[in-house]
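Participant: Sequence:
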Amino acid sequence: MNAIVRTLKLGSAFAAIALFTAISAGTATAQTPTIGASFAVGVPVGEFKDTLDRIAYGVDFDLGYHFGTVPLEVGFTGSVKSYGSTERTEPWSNTIPDVTLTVETSNNIATGHMYVRLIEGEGFIRPYADGKFGFTYLFTETSVHSRGFSENGEVASSTNFDDIVFSYGGAIGTQIRLWKSDAPSETSEVREVTLDARVGYTAGGEAEYLTAGSIVRRENGKVEYAPKTSRTDMIDARLGVQVRF
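Take the sequence shown: its position 3, counted from the start at 1, is 3 in the working numbering, and no numbers get skipped.
Take every hint as true, because none was put in to throw you off.
Straight-line C-alpha distance at most 20 Å; calculated EDC-like pairs for lysine to aspartate or glutamate: (1) 49 / 163; (2) 228 / 208; (3) 222 / 87.
Keep in mind that the hints were calculated from the coordinates and are not lab data.
The whole structure should be built from the sequences, with the hints applied where relevant.
Facilitator: Below you can see the structure in the form of C-alpha cells.
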C-alpha cells in the first residue's frame with residue numbers, strides 16, 4: 001500500500017507539472033476538445049471500507065483538451081455517487097396527520113480533479129494513463145417531497161453534514177472507437193465517438209461523514225449526528241462514452 005501511495009503522489013506531481021506545461025504550449029498546438037459521461041462505481045478500501053462497507057454508484061463526466069499530435073490530454077473530471085439512502089413517511093403536521101410527506105435522506109460522494117492523460121490521438125484502440133489531483137466532498141442531505149407540490153415534488157431540502165478533503169490518484173483505461181466522421185475535421189462538428197473503460201485509485205484525506213444509522217432523531221424533535229472519521233481512499237471504475245470535436 002505504501003508503494004501505491006508513493007506512486008500516486010508522483011503521478012499527481014507529474015499531473016500538475018504536465019498540466020501547466022501543456023497550457024503554456026497550448027497556444028502553439030492545435031487543441032481538440034473532448035467531453036465524456038460514464039456510469040461509475042466507487043469501492044472503499046482500507047479504513048474507509050472498515051466504516052463504509054458498501055459500493056457507491058453514480059456518474060462521471062470529463063471535459064478535456066487533446067493537444068494535436070502530442071499524446072497528451074488535460075482537463076477536469078468530476079463525479080457524483082451515492083452510497084446509500086433511506087426513505088420514510090411523515091405527517092404534514094400534528095394538526096394535519098392525514099396528509100403525509102416523503103422524507104428522503106441520501107449519503108453522497110462528489111469529486112473534482114484536474115487530470116493529465118497520456119493517450120494517442122488516433123487509432124481504433126487507444127490505451128491511456130491518468131494522473132489527477134483535486135478534492136473529495138462527502139455530504140448527507142435530506143429532502144421532503146409531496147406529489148403535486150412542484151415539478152419534482154420537492155418541498156424543501158437541507159444539507160445535514162458535509163466535509164471536503166484533498167485527494168489525488170491515477171488510473172488506466174482504454175478507448176475503443178465506435179464511430180468516426182468521414183467529413184474533413186474543418187466541416188464536422190463531431191469527429192468521433194469512443195467507448196471508454198477505466199479503473200483507478202483515489203487517495204483521499206481524512207474526513208468526517210455520515211453513514212446509515214448516523215442520524216439519531218429524539219422524541220423531543222432534536223436531531224443528533226454520529227459521524228464516522230477515516231481516510232477516504234477508493235478504487236474507481238467506470239464505463240461510458242467520449243466525444244471528440
